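Those protein sequence lines, which keep their order, are chains A and B.
To convert, take the position in the first sequence, counting from 1, and add 96; that gives my numbering.
To convert, take the position in the second sequence, counting from 1, and add 96; that gives my numbering.
Where hints are given, some of them may not hold.
Said to hold, decoys possible - Lysine to aspartate or glutamate pairs mimicking EDC-like chemistry, simulated, CA-CA at most 16 angstroms apart:
hint : chain 1 : residue 1 : chain 2 : residue 2
1    : A       : Lys274    : B       : Glu390
2    : B       : Lys274    : A       : Glu320
3    : B       : Lys365    : B       : Glu528
4    : A       : Lys351    : A       : Glu362
5    : B       : Lys274    : A       : Asp128
6    : B       : Lys274    : A       : Glu389
7    : B       : Lys274    : A       : Glu390
8    : A       : Lys351    : A       : Glu320
9    : A       : Lys274    : B       : Asp128
10   : A       : Lys274    : B       : Glu389
11   : B       : Lys351    : B       : Glu362
12   : B       : Lys365    : B       : Asp349
13   : A       : Lys274    : B       : Glu126
14   : B       : Lys284    : B       : Asp267
Claimed, not checked - Examples of chain A residues lying across from chain B (beta carbon under 10 angstroms, computed):
hint : residue
15   : Glu134
16   : Leu182
17   : Ile214
No lab work stands behind these hints, which were simulated from the structure alone.
Everything numeric in this text was worked out from a predicted model, so none of it was measured.
Glycine included, every Cβ here is placed at the ideal spot set by N, Cα and C.
Protein chains: 2
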Amino acid sequence: MTTADHGRQLHLNAFLMNTGHHEASWRLPESDPYAHVELDHYVHLARIAERGTFDSLFLADGPQLWGNIAQRPAGALEPLTLLTALATATRDIGLIATASTSYNSPYNLARKFASLDIISGGRAGWNIVTTAGAEAARNFGLDAEPAHAERYARAGEFLDVALKLWDSWEDDAIVGDKASGVWGDDAKVHPPRHRGTYFSVEGALNVPRSPQGYPLLVQAGSSEDGKTFAARYAEAVFTAQQTLADAQAFYADLKSRTRQAGRDPEHIKVLPGIVPVIGSTQAEARAHEQVLEEHIVHTHGVQRLEQLLQLEPGTLELDARLPADLPPESAIEGARSRYTLVVELARRERLTVRQLIGRLGGGRGHLTFAGTPEQVADAIESWFTQGAADGFNIMPAVLPSGLDAFVDHVVPLLRARGLLRTEYGPRTTLRERYGLPRPANQYVTAPAPVLV
Amino acid sequence: MTTADHGRQLHLNAFLMNTGHHEASWRLPESDPYAHVELDHYVHLARIAERGTFDSLFLADGPQLWGNIAQRPAGALEPLTLLTALATATRDIGLIATASTSYNSPYNLARKFASLDIISGGRAGWNIVTTAGAEAARNFGLDAEPAHAERYARAGEFLDVALKLWDSWEDDAIVGDKASGVWGDDAKVHPPRHRGTYFSVEGALNVPRSPQGYPLLVQAGSSEDGKTFAARYAEAVFTAQQTLADAQAFYADLKSRTRQAGRDPEHIKVLPGIVPVIGSTQAEARAHEQVLEEHIVHTHGVQRLEQLLQLEPGTLELDARLPADLPPESAIEGARSRYTLVVELARRERLTVRQLIGRLGGGRGHLTFAGTPEQVADAIESWFTQGAADGFNIMPAVLPSGLDAFVDHVVPLLRARGLLRTEYGPRTTLRERYGLPRPANQYVTAPAPVLV
Ligand SMILES: Cc1cc2nc3c(=O)[nH]c(=O)nc-3n(C[C@H](O)[C@H](O)[C@H](O)COP(=O)(O)O)c2cc1C
Ligand SMILES: Cc1cc2nc3c(=O)[nH]c(=O)nc-3n(C[C@H](O)[C@H](O)[C@H](O)COP(=O)(O)O)c2cc1C
Chain A
97 MTTADHGRQL HLNAFLMNTG HHEASWRLPE SDPYAHVELD HYVHLARIAE RGTFDSLFLA
157 DGPQLWGNIA QRPAGALEPL TLLTALATAT RDIGLIATAS TSYNSPYNLA RKFASLDIIS
217 GGRAGWNIVT TAGAEAARNF GLDAEPAHAE RYARAGEFLD VALKLWDSWE DDAIVGDKAS
277 GVWGDDAKVH PPRHRGTYFS VEGALNVPRS PQGYPLLVQA GSSEDGKTFA ARYAEAVFTA
337 QQTLADAQAF YADLKSRTRQ AGRDPEHIKV LPGIVPVIGS TQAEARAHEQ VLEEHIVHTH
397 GVQRLEQLLQ LEPGTLELDA RLPADLPPES AIEGARSRYT LVVELARRER LTVRQLIGRL
457 GGGRGHLTFA GTPEQVADAI ESWFTQGAAD GFNIMPAVLP SGLDAFVDHV VPLLRARGLL
517 RTEYGPRTTL RERYGLPRPA NQYVTAPAPV LV
Chain B
97 MTTADHGRQL HLNAFLMNTG HHEASWRLPE SDPYAHVELD HYVHLARIAE RGTFDSLFLA
157 DGPQLWGNIA QRPAGALEPL TLLTALATAT RDIGLIATAS TSYNSPYNLA RKFASLDIIS
217 GGRAGWNIVT TAGAEAARNF GLDAEPAHAE RYARAGEFLD VALKLWDSWE DDAIVGDKAS
277 GVWGDDAKVH PPRHRGTYFS VEGALNVPRS PQGYPLLVQA GSSEDGKTFA ARYAEAVFTA
337 QQTLADAQAF YADLKSRTRQ AGRDPEHIKV LPGIVPVIGS TQAEARAHEQ VLEEHIVHTH
397 GVQRLEQLLQ LEPGTLELDA RLPADLPPES AIEGARSRYT LVVELARRER LTVRQLIGRL
457 GGGRGHLTFA GTPEQVADAI ESWFTQGAAD GFNIMPAVLP SGLDAFVDHV VPLLRARGLL
517 RTEYGPRTTL RERYGLPRPA NQYVTAPAPV LV
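Here chain A stands alone, though its shape is the one from the complex:
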C-alpha cells in the first residue's frame, strides 16, 4: 500500500540530534557521549527511520560552537557531508540538511545540494535558515549579527540566485553525441548573470540539473518575515507549537499566505515538532520523563535562557517567575518566534524558571508528549485531522531508543489507521514522497498543448 491507495496521509520527518532532543539524554546509561560525531550512530538512526517509512530525516545546524562544552555534547558533523555519507547507506528516505543563507555563497551551496541530489537519486532537501546570533557572525568576518530584516532580505536574494543556478542547465542539455563530437547543447545552458544587492553571480552552475531540479525547500522561521519567506519559497515548514489552537492558527495563516503569494496551498506542508516519550503505560512514560528531568543541570539552563531572552547574566532566579518587563518580540534580533513561544509558555502556565527549564529541556519549545503508543498516535491523528498539521517532525527525547520505540509501537498504529504508507514502493524522489510536483525550469517555455 503506498500513498496513492489512500486519502490524505501523514508526512513524517525524523529530526536526528545527538543522543536525543532532551538536553540530558547523553547522561543516560544507554547513551554514547561521542555518538554525535560518529557516522555509525547516524547510519543506525537512518535505517530505523527507513524501517518506519518516514518521508525524510533532518539535521539541524549552525556554523558556531554553542556556549560551553562542559554542559552537553557540542559540535556536529557538517550536515551536507554527513547526509552524503547517509545517502549511500539508505535507499528511500529523504535527506534534509540545514544550511545558512547568511554565511554561505549561493554558487558553492547550490552546487553542493545539486551534487547531493544526484548522489542520492533525488532525495536532497534544504532547511533554509538565516542563522541567529553574534557567535556565527563573528566566525565570518562580522562584528555583530546582521539585523533580522536584513538576514531575510539576503535570504530572499540567495534563493532567487540559487534557483537560477539550479535551472541554469535544462534537463536535456547533455547530448553526448560521440560521432560528431558534440557533448552538450550550449543553447540549453543559461548563465544567471545576476547583479543584486547581496550577490553578483555571472555563470551557470558546473553541475547538470539534478533529479529533483533542486532540493526540496524547507524552512522554519515563524516571525512575520519568516512566514512571508515560507509562503514564497518553502515546500515544507517545520514549526514549534505548544497547543492545538496555536498550531491550527499557524497552519491556517501559512496556507493563506501561500495562496496570497500565488501558490497552491497544497504545495506547502506544515510539520509541527513533537517530542514523544513513549511507555507501555502512561505512568511508565511519565517515569521516563522524570528520569530525564532529574539529569538536567539547572544552572546551565539558566545561562541559556538568559541568552535567549537577551538578559544580563544573573538576572533570572531559579524559583521565581520570569521578570514582568521583558522586551517585545520586535526588539529581538535573534530567533524571534522562539522567544515569543518561550515567554508565552511561561506566562500561560505560570511557570517558575526551574519549571520552564524542565519543560524546555525536552524539546526546546516543541510539544513534549509522554504517553502510551495509542495516546501518541491519537495526538498525532487529532492534530492531523483538525487542520493543525500535514505531518510531524518526530523529535525523540533519547536516540536511538526513542526512535526505535516510535517505529515499533506508534508507526504500526498509524499504518493500521491508514494514516501512513506501509512500504515505500518504487524508488522515487523526496519531493514525490511529500506529494509535490517536480519544479519546472524557469528558462524553459512550456510547450504549447497538443490539440486533438
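With chain A held as given, fit chain B with the ligands onto it using these hints.
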C-alpha cells in the same frame, strides 16, 4: 608486506577525471558520456585504485563552468560531496578533494574537511588551490580575477586560520562524564580570535579534532609564490613536468625551499603527473594514442590555447608555430607555471599549434607516456630513483580502462621490484600512508620529557 618492510617506496595517487584525462576519451565506444556525474563510475574507479594499493585518489575542481559544453563533458560533482560518498564505499584509500582558498570561508571549509576526516576514519586530504580565471571570480561577486600575489597572500592567511580552527579542540577535550554531567573540558577549547587582512574568525570550530588532526595538505602551484607556499604548508605536491631534468630541478628546488622554511624535506612528497597509455607492445600503445588523437576536435583546442596564452580569439593558426612575441610569465595572472610549461614545450620541440594541441590533449601538460607495462614501470622507477619524484600522480588517458590496465599490469611489476606495498595492512590514516607524522596541536605545550 607493508611499507615498513622495505626501503623507500613509491606513493601513488589516482587522479580521477571524467572518462579519462584525454580530452577526447568520452568519444570512445567504451565511454559513458554521463560518467562524470554518476556516483557508480567513481565508486568503480576508487575500488580499482584500492586494488592497486594506491595511497590516495584525487579530484580536481574549480567553481565555474568551463567554456562551451559542446566541446566535452562539463561540470562535476562537488569533490567534498563525492569523496564523502566514496568514503563509505572504500576502506583504505586516501581521499583528496580540491577546494579554493579564494572562494571559500575558512570556517565552513575547515569544518567540511574535519567532518570528512572523521567520516572516513582519517583519510581526508585537501588540494589547496587559489583558482585562476575571471569566470570563477565572477561567480563570487568580483568583476575580475584577484591578482596572483593577492590570491597567494589570501591563501596563506586562509591556511593560518584553518590550522587554528583544526587545533581549536585539543584531542582529549571530550570528557563525557555522565555522573557529574560534565561533557567536555572547556579549558581545552581554543577559539582562534583571528583578526587579519582577509579574515576575522572569532570562535572555535564546531567539530572536535579529527583523526588526522587535519587533512593532508596538498598543493600544486609551481610559480614562485606557489613554491614558497608549498614549502611552508604542503605535505604533498602535484606537479606537471615534461622531462627528467626539469623534474629533478623542481624536486631539488622544493626540498631545499622546505628545508629553508624550517621543515624536514622528507615531510613534503613530490608527485609528478604521468599519463600512461599502456599496450602489450609499444606499437599497440602508440595505436591507442593515435585513436585518441584522431578524436580531438582541433578548433576547440585552439580556443582553449588562446585562453591559456591570453591571446585574442583568432590569433593562432593550426599549422603555424606559436607567435614569437608572447608575454613573459610575470604578465600572466592566471595559471602561471602552466603557461610557461606549454610555451617551453612548443618551443623546445618546435611544434605547430596542431601538434601542440595533440600533445596537450592527453594530459594538459603532464608527461604522456605510451608503452608496455615494463616501459611504464621503468620510467616510473627511473624518475623515482634519480631524485625526480617521491611517487606519481597517475592520470589515465581513458577511465576506467586505463586505471584497470595500470593496476593489472604495471602495479605487479612495481610490487615485484619492491617499489610498492603489496597490501594495505592495518587500517591507518592517509598521512601515515605517505609516511608523514601526525601534526601536533599548536595550542598544546609538549609535555616535558620523562627522565629515567
Ligand atoms: C524544527 C526547527 C528546526 C530548526 N532548525 C534550525 C537550524 O538547524 N538552524 C538554525 O539556525 N535555525 C533553526 N531553526 C530556527 C528557524 O530557522 C528560525 O531561525 C527561527 O525560528 C527564528 O526565525 P524567525 O525569527 O523567523 O522566527 C529551527 C526551527 C525549528 C522550528
Ligand atoms: C596535478 C595538478 C592538479 C591541479 N588541480 C587543480 C585544480 O583542481 N584546481 C585548480 O584551480 N588548479 C589546479 N591545479 C593548478 C594549480 O593549483 C595552480 O593553480 C597552477 O599550477 C597555477 O599555479 P601557479 O600560478 O602557482 O603556478 C593543478 C595543477 C596540477 C599540476
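Against the structure, the hints:
In summary, the hint linking lysine 274(A) to glutamate 390(B) is supported, as the alpha carbons are separated by about 13 angstroms, within the 16 angstroms threshold. For the given pair, lysine 274(B) sits about 41 angstroms from glutamate 320(A) by alpha-carbon distance, which is inconsistent with the 16 angstroms threshold. A distance of roughly 12 angstroms separates the Cα atoms of lysine 365(B) and glutamate 528(B); the hinted pair therefore holds under the 16 angstroms criterion. The suggested pairing of lysine 351(A) with glutamate 362(A) holds, with an alpha-carbon distance near 8 angstroms, which does not exceed 16 angstroms.
Distance restraint check for lysine 274(B) and aspartate 128(A): the Cα-Cα separation of roughly 10 angstroms lies within the 16 angstroms cut-off, and the hinted pair is therefore satisfied. For the hint pairing lysine 274(B) with glutamate 389(A), the CA-to-CA distance comes to about 14 angstroms; that is within 16 angstroms, so the pair holds. Restraint check: the Cα-Cα separation between lysine 274(B) and glutamate 390(A) comes to about 13 angstroms, which is no more than 16 angstroms; the hinted pair holds. At roughly 14 angstroms between alpha-carbon atoms, lysine 351(A) and glutamate 320(A) fall within 16 angstroms of each other, so this suggested pair holds.
Using a Cα cut-off of 16 angstroms, the hinted pair lysine 274(A) and aspartate 128(B) holds, with the two alpha carbons roughly 10 angstroms apart. With a C-alpha separation of about 14 angstroms, the suggested pair lysine 274(A) and glutamate 389(B) falls inside the 16 angstroms cut-off, and the hint holds. Between lysine 351(B) and glutamate 362(B) the alpha-carbon distance is near 8 angstroms, which keeps this suggested pair within the 16 angstroms criterion. At most 16 angstroms may separate the alpha-carbon atoms for a hinted pair to count; lysine 365(B) and aspartate 349(B) meet this at roughly 13 angstroms.
Distance restraint check for lysine 274(A) and glutamate 126(B): the Cα-Cα separation of roughly 11 angstroms lies within the 16 angstroms cut-off, and the hinted pair is therefore satisfied. Simply put, lysine 284(B) and aspartate 267(B) have alpha-carbon atoms about 8 angstroms apart, close enough for the 16 angstroms limit, and the pair holds. A distance limit of 10 angstroms between C-beta atoms decides the matter here; for glutamate 134(A) the minimum to chain B is near 8 angstroms, and the interface restraint holds. Annotation: leucine 182(A) was flagged as interfacial toward chain B, and the flag holds, the nearest CB pair being 9 angstroms apart, inside 10 angstroms.
A hinted interface residue such as isoleucine 214(A) counts as satisfied when its beta carbon comes closer than 10 angstroms to some beta carbon of chain B; here the least separation is about 6 angstroms, so the hint holds.
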